[in-house]
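Q: Put together the whole structure using the sequences plus the hints.
As they're listed, the protein sequences go chains A and B. Residue numbers for the first sequence follow the UniProt record's numbering, so the first one is 1 and each next one is one higher. Residue numbers for the second sequence follow the UniProt record's numbering, so the first one is 1 and each next one is one higher.
One should not assume that every hint holds.
Since the list can't tell identical chains apart, any single copy or any two copies may satisfy a pair.
Here are the simulated SDA-like pairs of lysine to any residue, each with C-alpha atoms no more than 25 Å apart in a straight line [to be verified]: (1) K166 with S374; (2) K158 with G118; (3) K166 with Y293; (4) K158 with R184; (5) K166 with E219.
In case anyone wonders, no lab produced these hints; they're calculated from the structure.
Protein chains: 2
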Amino acid sequence: MLADTDADGFVHVGDRFDDELRYLTRFSGPDRPYAFVYTGSEATATLCAPRLFHEQAQTEFIDRASDTTHRQVRTEQVGEPAGIRAVSTLQAAGISDGTILVPQQIPHDAALYLEQAGYELRSTDAVTVQRQQKTPAEIGCLRCVQQVTAAGMAQAEKILAESTEKNGVLRWSGAALTTEVLRRQINAILAQDGVQPAGNTVIGAGSSAADLHFTGVEEINAGETVLIDISPRGPHGYYGDMTRTFVVEGDGGWERRAYVAVEAALDAALRQLAPGVDAATVHEEAAAEIGAYGFPMVAEEGEIGFTHGTGHGVGLSLHEPPILSRETPLESGMVVTVEPGVYDPDRGGVRLEELVLITAAEPGYEILAPYPRSITPTHSR
Amino acid sequence: MLADTDADGFVHVGDRFDDELRYLTRFSGPDRPYAFVYTGSEATATLCAPRLFHEQAQTEFIDRASDTTHRQVRTEQVGEPAGIRAVSTLQAAGISDGTILVPQQIPHDAALYLEQAGYELRSTDAVTVQRQQKTPAEIGCLRCVQQVTAAGMAQAEKILAESTEKNGVLRWSGAALTTEVLRRQINAILAQDGVQPAGNTVIGAGSSAADLHFTGVEEINAGETVLIDISPRGPHGYYGDMTRTFVVEGDGGWERRAYVAVEAALDAALRQLAPGVDAATVHEEAAAEIGAYGFPMVAEEGEIGFTHGTGHGVGLSLHEPPILSRETPLESGMVVTVEPGVYDPDRGGVRLEELVLITAAEPGYEILAPYPRSITPTHSR
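A: As structure tokens, then:
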């Protein structure tokens, strides 16, 4: 990364919630800022370990490193601000001035410490770009967490299949089946299988299925769309992402038409996937298919139709580049969602989502952890 | 907050992982940056809503607001960088120059957009300070999540009580009982009860109990300390935090001595708690008690003794001020952990942790969601 520039070093500062720092360090860290420093002169990567985390930093940053970069955990000045420790690390490497690359979201105080010490800062998106193409180890992590995501979906489908109708409302295990009951049952399976539900289990029923981020509580009625979007985080920090939509005792009306349109759009989008293809064309194909079935192919939030983009990259962030509605070539090793949807705030919402790896081999993609599609929930998956 | 200064506004930018922004907005938001702007001239709080999140921003930021500040969700320039939208919001409020307060961790690019637009930035810790004292609504959230934390602990204790020994190793439900099995069982209960395990369930057994952040996999042996630290996050973003240490078929040796010392330190620390007391004295009392039982009262990570501070504030962050080893007066409404521990890398670790609310009423504190203490696990809690 540094090799292509005339910069003297790279610095980032953040806490455990900064995915870029997680990518650079593999350190799952604490909830307070720590620093990563890369110096090109000695090709050395340094993690300034936070207080009480030396052992974990050693294990995660050095012992489990998969590349050959020279790595060190620095414990000098534990307790000082991370920006100050980054400055000392640069100085210890003999870099007392010059240009330092930083991600644009580096905390402002860390940037000021670097500037006050005499360095010139230049922002870089090199790490963000590099993260798009996954290594085999990363693909393994994504595959594993997506398998657990599928197990969560199977639990949801089983509960819907077991539920019974009473006065139009679904009941399960002796009580009304709500979006919250379903969410908790899914999350318990995810936790039991060793991944974090991560607050991302979105379940809508009927009109709330048209709300892209509904996390409230609603009774689930017979005949309405039940949209289930599960995106847990695995032990190494990688996310899964899968959406299915079910209808219990549907009457074959709006929800069936929307489902057929969305499934056609999903298949059309998948057929586009291959290295070299412009990501924007994947979205255009999906939208065109939805339009062909008579639904508005471009719509704003709260309107009827296809209200969002067709997909996004998934890795240590749940949403990361590439964005499938933007012009950018797909590359082998990218992992993206494909997730067309049709929504009507008065009727419901249908979305189907696969997580796929772009491959050099035919047909140009592989669905990670395939899971059946069916509008009617089935007992055994 | 602005009233006490001659500043013209306050700006913060961050994503859903920024707890300060969550505190200011109550918006659970997406994983990309959005802006909060407060302008004193009209006493108006503005949330610059991200694309596709208008509805959720309206609900969480405005409909559920508990104060009387004038609030608005701004949708102009959706898709532009959050820093640029903050500038436009200030300009729309008639503030075209002057001093803007920002938290020191505001992203560097947002700070640059503000400076380039002609504003002078001054960092403030006013929000961090204000967050220390919890409102009744916040205390309610903390109480609820801590009750679920206790349910998770009860599940762990039950499993340990049910486990049997075979060749020195504990077995449960037909298989070896590992730290990972126990962690997953706890996390499943937490998820089922509607809170996020949040990657914070730390379980150590024997020597790994001396590792403050052990999340690896180890068999659990009879006679060794099993340290269980559970810190889930509730639906409103508030954390619980509780630690217990158990020993199955202990021989009354080191682990019993350490347990007695830690329990005495916990009680000594609790007795100190009251509004007006210096937080540092709470730590000093705990440490002195540990010393009185013959264990080193000051130790570094990896050494024998009390290797960390006695506690920290808990709220929308798992670790926030006040820090109990620093000189700062405790105040009514603060919620802090009290968690002394004794560790020996060759033998194990014992820690006991309560989450308490500082109260004006006697005895000066209240344990949120009390849970029994016992070195020997019991079946029914």
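Q: The structure should be examined with respect to each hint, and the outcome stated for every one.
A: Against the structure, the hints come out as follows:
no., hint, in the structure
1, K166 with S374, "within (23 Å within a copy, 47 Å between copies)"
2, K158 with G118, "neither (62 Å within a copy, 59 Å between copies)"
3, K166 with Y293, "neither (33 Å within a copy, 64 Å between copies)"
4, K158 with R184, "both (14 Å within a copy, 22 Å between copies)"
5, K166 with E219, "within (12 Å within a copy, 48 Å between copies)"
Violated hints for the displayed structure, listed by number in ascending order: 2 and 3.
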